[in-house]
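Asks: Starting from the known structure of chain A, arrange chain B on it as the hints suggest.
For the protein sequence lines, the chains are A and B, in the order given.
The first sequence begins at 24 in our numbering and counts up by one.
The second sequence begins at 11 in our numbering and counts up by one.
Some hints could be false.
[Stated by the list, open to error] Calculated pairs, BS3-like style, for lysine-lysine (alpha carbon to alpha carbon, straight line, at most 30 Å):
| hint | chain 1 | residue 1 | chain 2 | residue 2 |
| --- | --- | --- | --- | --- |
| 1 | B | Lys262 | A | Lys407 |
| 2 | A | Lys246 | A | Lys207 |
| 3 | A | Lys79 | A | Lys101 |
| 4 | A | Lys246 | A | Lys137 |
| 5 | A | Lys264 | B | Lys262 |
| 6 | A | Lys416 | B | Lys351 |
| 7 | A | Lys249 | A | Lys264 |
| 8 | B | Lys262 | A | Lys207 |
| 9 | A | Lys331 | A | Lys101 |
| 10 | A | Lys117 | A | Lys137 |
| 11 | A | Lys264 | A | Lys331 |
| 12 | A | Lys407 | A | Lys264 |
Rather than coming from a laboratory, the hints here were simulated on the basis of the structure.
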Amino acid sequence: MTGASLDALRAEAREWLAANFPPSLAFKNPVPYQNHAPYAEGDADWRLWRDRMAEKRWGAPGWPEIYGGAALDRAGIKVLAEEMRRIGAFNPMKMTGYTMLGPTLLEYGTEAQKAQHLPGIASGRVRWCQGFSEPGAGSDLASLQTRCTDMGDHWLVEGQKVWTSGANHADWCFALVRTDTSVKQRGISFLLIDMRSEGVETRPITLISGSTHFCEMFLNAVKVPKENLVGRVNEGWGVAKRLLQFERDSLSEGRGEGRSLLPIARDRIGVNAAGELADADLRTRLVGHAMRAHAYNLTQDRIGAEAKAGLPTAQLVPMLKNLGSDVAQMRAELVMELLGTRGLGWSGPGFTDEEMEAARQWLHARAFSIYGGSYEIQNNIAAKRTLGLPDPKPIGC
Amino acid sequence: MAVLTEEQAMLRDMASEWVRDRAPVTAARAAARSEQRYDPALWAEMAGMGWCGVLVPEAHGGADFGCVGFGIVQEELGRTLVASPLLSTALIGASAIRLGGSAEQQANWLPRIAAGEVVVALAVEEETPDAGTAAMLTAGSEGWRLDGRKTPVLDALAADLLIVSARDEDGSLRLVTVDAAAEGVGISPLDRLDGRDAATIDFAGVPVDRAAALDGGAELLEHLLDRGRAALAAEMMGTAAQAFETTLDYLKTRVQFGQLIGSFQALQHRAVAMQAELIMTRSAVEAALAAIDAGAEDASMLVSLAKALAGDTLRLIAREMVQMHGGIGMTEEHDAGLYFKRAAVTDATWGHAGFHRNRYARLAGY
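Bound conformation, chain A alone (with noise of 0.2 Å):
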C-alpha cells in the first residue's frame, strides 16, 4: 500500500478504533504480559474487544481473506498498529498460535491444515499452545525424548513436555516429538495435537511472580491423526527453526515501548533547582536506559523498513531478541528502583495495584532472557549463523 491508500486506511482505522475500542482496556492488554488468555476471558469488554477485531479481521490483518485475516501488506500492518498504539489498543489475538504456528503453517502446512486451523486463530476462539521443552532437553532441544510411533493408521506419542505455556488452557497443541532415535535433528517431527485426546494430562507450574501459566504436560499413549503432521516425518527440525524466528521475531517485539519512566521518576525523585531529577546517580541510569530504548525503537523501525523493502534481516533477530530482554530487563529494574519499599509488596491491604504489578513484572521481566532460547543460546546462534564463527569442540574432547 502507499500514500492515499495508507491515508484512507489511517483513517478508517482511527474513526473504528474509536468506535470499536473498550476505553476500559486501554494501555491494559494482559494476554502478551502473561500470555494468559484465560484471565482476559473472563473480562466482557475483552471479549467483545476480540469479536469485534474478529469481525474486522484485523486480528490477523497480513493473513489471506479465506483464513480470516485482512490481506494487509506490511505497511498497512504498521499503520493499524500505529493507530492502535495512539490510543493503548493491542491485538487481542496476539498469543501463541497466532504469532508462531500460524506463519508457521502458512509456509509449511497443507491446504486442508490451513483450512482448518488458521480461521480458529484469527478469531482468537482456538487457543495454542507450544509442546517444544522438555525436562532434558531445554537450551538443547534437539535432544528431546518424547516417542512418536507410526502404528499404521495412527501416531501413538509418548512422553513429557515442560514450559508449556498456557498448556492447561490451550485446545491445541503443536509439538515435536521423535520419529527416529538414530539420529538427533534429522529424528524430529513437528505435530499437531488435539488436547483433547484421550492421554493428555497437563500441571501448572507456579513461578516466581506468582504466575502459573506454565505446564508441565505429560503424554501417555496419545493417538494422533497421520495427517496432523506439518511437514514431512523427520524434517521437523526445519520447520521448528522456522517457527522459533518467528517466536523470537514476536518476543523482541515492543520490548521498548512502555510509557516514559520520567513522570514515575518526577514524581518519586522530584527536581532540583535547575529542574533536573534530584537524584543524580538515578538520573544517570535512567537517561542512559531511555536512550537503549530509544534506540532499539529505532531498530525496530529500521529492520522493519528493510525487511519490506527485501533487503535480508532474519539473521539479526538472535540479536534483536537479546537487545529488547536487555532493554525490558532494565526498565523494571529502575521501576523497583524507583518505588523504594513501595515497590516490596506482594499482596494488599498496604499497596496500590500498580506497585503490586510493577513487582510482578520485575520478577516475570526475568523470564525474558531465559525464553524462547535462552540470552546463552541467541547469542551462540548469532555467533555461529550471523558472524560466522566456528563451531566449538564438544564437551569432554
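Replies: Below, chain B alone, put in the same frame as chain A:
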C-alpha cells in the same frame, strides 16, 4: 543498512570501491607522517567524484544529496581512517555558507567548495570550553577586528577559509568567514594521537569585513555542530564496523590450543555483543541524518543519541580489537592501535558520549 535510493546506493558503491582501491589504511599512515597531514592527490580525486558538492545546491555546481548522502560517503571513509578535510569543507563549510551566507557569499564560495578548490575549517572551540566564547569582534577602522584563540581547529593547516565564532560589540555570538592567510592569523600545528590535521589558531587584530558575517549566530552554530556530529557519528560507525570485521577475521584464523580462537564461547559472545552495538548505532545514526535533512524537531536529540552511541560503540570495539589480537594488537605495525587512537579522538570531538548523554537528558526533560 538503510533502504537506499538508487542514487544513494551508487554513491555508496563508488565510495566503498574507491576507499578500498585508492585509500587503504596505508594511505592514512602515510598522511599522518606527511607535513600536510592529508594527501592532496587523494583529495583531488574525491573532489573529482563530486563529494565536495554533496551538500551544495545544483545551481552552484553541487549534487544536493543531503546529510544522508554525505553520511554514506563519510561512513566508507571511516573504514580505512581516510585523512581528508571533507567533513570540514563539504559538510560544515558548505552548510554554513548555504544556510547563513548572503547570495553574494553563496555565489562566491559554494561553486569553489563543490569543485574542491577551497578547504574550509570551523574554528569554534576554545581552551576553556565551559567559559563560553571569549573571542571578540570589536569595531575597527573599517568593519571589525577579531582577537582570540581557537583550539583545537580541525583541518586548520589545509584550510583556505575559516569560519570563526566570536562575540560582537553587543555580546551576541556571530559566525564570520576569515581568510586563513590573512594578516594576524597565526596557525600552530597540534600533534595529536591520530596524526590528523589539527591546530591552535591565534587571531590578533585580524580585520573582518561586516559583510563576512553569516546570518544565524548561535543557532546556526548549534545546527552546524549537529550536522558535523551526525556525519562524524557515521564515520565512527564505519571505523567501528571495519575494526569489528578485522577482529572477526582474526578470530577465524588465529589458532591456539589446537583450535580457532573464534570457537571459544567467551570470545563469541563478546563478538556478538559488538555486533549488537553496531546494529543499535546504525539505527541512531541513520535516524539522526534523516532528521536533519527533514528539519525534524527532535533532530538535536537524535544527533546526541547517535554521537553517544557511536562513541561508546567505537571505543568498545577498538578496545576489543586490541585485546582480541593480543600482543600483536599492541604493536605499532598492526592497525589495531590506529583504530584505538582514532576512536578516542572522534569520541572527544564535538562532545564525547558523556556530554551527549547529558544533552539528551536536558532535551528530553530529565
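Asks: Which of the listed hints are broken here?
Replies: 6
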